[in-house]
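**Q** Please build the complex by placing chains B and C on the supplied structure of chain A, with the hints as guidance.
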Amino acid sequence: MPSNRTRREFLATGAGLAAASMLPTLVFAQAGATFRIGSLCPISGGGSSYGSGMQKAIEIAIADVNAAGGAGGRKLELFSEDSQTKPDAAVLAAKKLIEVNKVQAVIGTWASGVTLAVMPLTDAANLIEMNCSGAPAISTEDKKDLVWRFQATNDRFGAAFAVIAEKRGYKRPATMAFNNASGIGNTEGFKKAWEKKGGQIVASVVYEPSRPSYRSELQQILAAKPDVIVTGSYLPDTTIILREWYQSGQDVKWIIPGWAANPDLVKALGNEVCEGIISVDSVSNENAPSYKSLDAQYLKATGKSLSSNVYAAMTYDMVICIALAMEAAGANATVAQVNAKIRDVANPPGDKVSSFAEGKKLIAEKKKVNFEGASSRLDFDQYGDVTPDFGVYVIEKGQLVRRDVVSI
Amino acid sequence: MTTAVDFVNLALNGLVEGLLIALPALALTLVMGIARFPNAATGDYMTVSAYAALGVQKALGVAIAVAAIGAAAAGIAVALFFHLWVFRALARRRPVASLVASIGIAFLVRALLTLFVGQEQQTFQVALVRAWNFGGVRLLPTDLYAALGAIVAMAALFALLHATPIGRQMRAVADNPDLARASGIRAGRVMLVMWACTGALCAVGGVLMGVKAVVMPELGWELLIPAFAAMILGGIGSVPGAVAGGVLLGMVQELSIPFVGPSYKIAVTFGVMLAVLLLRPRGLFGSAPAAR
Amino acid sequence: MTAYLVAVGIVALIYMLLTLGLNLQYGYTGLINFGHVAFFAIGAYASALLTLSGWPMAPAFAVGTLLAGLAAWPIGLLSLRLSDDYLAVVTLGFSEAVRITIQEERWLTKGVQGLPGIPRMFQSLGIGEYAEIATLALLVVVNAAAVALVVHLVRSPYGRLIQAIRDDEVAVEALGKHPARLKVQVFMVGAALAGLAGGFYAHFITYLSPDQFLPLVTFYVWIAMIIGGPGRTAGAVAGATILMVFLEGSRFTRELVPGVSEVQLASVRIAMIGLALILMTLYRPQGIFGERKE
Chain A
1 MPSNRTRREF LATGAGLAAA SMLPTLVFAQ AGATFRIGSL CPISGGGSSY GSGMQKAIEI
61 AIADVNAAGG AGGRKLELFS EDSQTKPDAA VLAAKKLIEV NKVQAVIGTW ASGVTLAVMP
121 LTDAANLIEM NCSGAPAIST EDKKDLVWRF QATNDRFGAA FAVIAEKRGY KRPATMAFNN
181 ASGIGNTEGF KKAWEKKGGQ IVASVVYEPS RPSYRSELQQ ILAAKPDVIV TGSYLPDTTI
241 ILREWYQSGQ DVKWIIPGWA ANPDLVKALG NEVCEGIISV DSVSNENAPS YKSLDAQYLK
301 ATGKSLSSNV YAAMTYDMVI CIALAMEAAG ANATVAQVNA KIRDVANPPG DKVSSFAEGK
361 KLIAEKKKVN FEGASSRLDF DQYGDVTPDF GVYVIEKGQL VRRDVVSI
Chain B
409 MTTAVDFVNL ALNGLVEGLL IALPALALTL VMGIARFPNA ATGDYMTVSA YAALGVQKAL
469 GVAIAVAAIG AAAAGIAVAL FFHLWVFRAL ARRRPVASLV ASIGIAFLVR ALLTLFVGQE
529 QQTFQVALVR AWNFGGVRLL PTDLYAALGA IVAMAALFAL LHATPIGRQM RAVADNPDLA
589 RASGIRAGRV MLVMWACTGA LCAVGGVLMG VKAVVMPELG WELLIPAFAA MILGGIGSVP
649 GAVAGGVLLG MVQELSIPFV GPSYKIAVTF GVMLAVLLLR PRGLFGSAPA AR
Chain C
701 MTAYLVAVGI VALIYMLLTL GLNLQYGYTG LINFGHVAFF AIGAYASALL TLSGWPMAPA
761 FAVGTLLAGL AAWPIGLLSL RLSDDYLAVV TLGFSEAVRI TIQEERWLTK GVQGLPGIPR
821 MFQSLGIGEY AEIATLALLV VVNAAAVALV VHLVRSPYGR LIQAIRDDEV AVEALGKHPA
881 RLKVQVFMVG AALAGLAGGF YAHFITYLSP DQFLPLVTFY VWIAMIIGGP GRTAGAVAGA
941 TILMVFLEGS RFTRELVPGV SEVQLASVRI AMIGLALILM TLYRPQGIFG ERKE
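Chains A, B and C, in that order, give the protein sequences. Counting in the numbering used here, the first sequence tops out at residue 408, every number present. Counting in the numbering used here, the second sequence tops out at residue 700, every number present. Counting in the numbering used here, the third sequence tops out at residue 994, every number present.
The shape of chain A in the complex, shown without the other chains (with noise of 0.2 Å):
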């Protein structure tokens, strides 16, 4: 970023914003030579666990797109911004990245209100916005199909529970949500689903964030006898749940997302307890080449594994996603331009490619592609979702273990 050396001066003279006022001049002087992307991911608040790690994988994919030459002549560059996983702080972080740096695109959005928020903006300024949330209003709000998720509706992970409760004989289900937009969304849809099956809750309760203890909510949903337990929830509360049901000692099964039953859920509470919970997430495409070279790069640059975040992958296929449009719209392609082609390189028919640069061959070479990313098939409805698979996953001595694969 050659701007940082003389913002950096401005500011070292202690003139903050008002200094700022003057760089206008600046950005415009380096603008046209390269894309620029914007990344406002949750590097704190809510979202904080899987923020920076989203980042990182932003970072790569940049790295390897401009290794491979830049996409439709351009350079790719980042500016980054923390979303703090809250709307009021992402609408001003938005805001910079659109008028200070410029970006035509602005990615790895996470929280569904933070995304709702960001999206007026990009909208505005007929920018590509790119997202990992699961609100349903973000299809309905999204006019101009500006707009691209690559994380699964929460509609669609209520539709998979319902799917795996009743491929495992489940009769009498009940739900616990979180009180938030996601936590409630993945409950509801799962009724939504079940019900057109022809079954019934027996029970459910949506209970309030960050309570001591969650007992009297657990209280009410055992009563009404359920065979298995559908949530909606989060890691913390998740963990207390679980540890005053096992006291409670009444016989229940559990189909929890994966966000929520994951290895740290089994290090709070010992393999006992998470015995026989059901996790469930859309699957990266794991057996995609493109996964293994990018989890092979994250573990290099985090020192984790990528199955660790799943919002990595799709931050990741994001900008290939990008990329790989520019190339397909030619050079100096306009936003808008680029961003009718994201269907084109992404969906069916075409050639699979599974990296950036392989598909910079098979456009050169005139051919279709279809691009199949690390997080899904990457295949957009025509909405801008992705249906990604989901994956069974069933906590025996305390491993996840993968028993099934669910598709909707």
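If you are wondering where the hints come from, they were derived from the structure by calculation, not from laboratory data. One or more of the hints may lead you astray.
To be verified - Listed below are the simulated DSBU-like cross-link pairs for lysine-lysine, each with C-alpha atoms no more than 35 Å apart in a straight line: (1) A:56 x A:352; (2) B:466 x A:304; (3) B:466 x A:300; (4) A:144 x A:367; (5) A:366 x B:466.
**A** The following block gives chains B and C in isolation, referenced to the frame of chain A:
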């Protein structure tokens, strides 16, 4: 349908939660009674203590009861540090100055904790045992221990206040600071002891809460509003009041679930607090008038 | 760049309006309101819901402002019966009760799903990016009007009475005035300003959800007031500006502090705010620009 057994269970849950809330409420009411301001950093003193206990348990592999000693040391140290640095200097100013400073301390402590320990949850290693079941009334052993721990801490505080010379001095300062000074009580020493007690109460509260729930940087901050409410309900400055307020709030909260659900239960506690204050502006046990 | 500064300016001015309201309540009258965010939320939701159902913006703002003021009425009455500490906690509890109500009454507010697509101000004029500049200008005017209102209130005989209440309520009563009614009115005016700020906020962010109205917002406003100096109208203006420069400025300082990751930076930012609050109360209780009085 909610049966009688269910209500007994709900009341039990409420009792345990209430006892845990009573600890920070006690810490608040001590400061309120003697230093005369609402200490918004109370919850964060709890969090520091909980992390200290975790650290001790991880480092030495000792039982939680032993680790709690480390927590108490941390709680007392933090409470005394901020007393000596901030609150002592603000003693002669309006209470709101100390209140605002305590909000600053709350922010500072929580942010530093997050900086050093991260935002991921941590848990105490506790052996989980099945609940004792008495005809459907379930008693969780961990809940019983938590309740016992809280009761022991309260009893110790009560004994200190009523059976030791320094305790009598503390009560004298709380009742009438001018009279206490006139009769030769050294206010500085009383303050130190009071803050040490506050730190210790926060430590017990933090560890018990950490054992029952999970340890995160927001652990204590989230308890601040209920603890405030318990203190107000019981009457500012009253030790039995804080306990009664905590227990009453806990039970009302849980028992209201069948009627209003788990979200509005929090608003219900606020309603109860308001109702009590309207009928009895000094709270249940308060002696100092809360009204102007 | 300009548009970004405009956006930061809009948020700063929204906080300024909030701070002016709180400053009127606390700085001049000594009413301790720790539930300011409740009135902000009421104004925001009222205005958003009305415009989403087809109302024009101006009356929606007016209703939001009015509702926020009215919601303060019972709390104002309560403030007459309760001493400072009790009032602080009661107002804090009130703001949480309001937030939970917004969250739970899904038929009205869509609950935790939030309200997307709230219309922007001046959007219908079709003046593109100038709409935000117009918003900023309007906010400047509104803030100036609010400052004028506060100054007028403070300088009027009424205002001197208000300040007298803060300093010695009994004496005011002895003069045969009714401090009670005045206090309730001041409380309501302050809350109405917060409601108005809420309207601007809703139509600027365009997406509302209950978790944007946590007590943290109240604390930020208190911080702005304390930095600027309570009881000083210019202080409210300065305090809100400094708070905003501090919160937003850290985006630009990141490159200046090597070796601090972004996660850490978020913590450092909060820690700095806390430290500033402690140091201000200890050493500059009159605010950074004020002259030492105490």
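**Q** Which of the listed hints are broken here?
**A** 5
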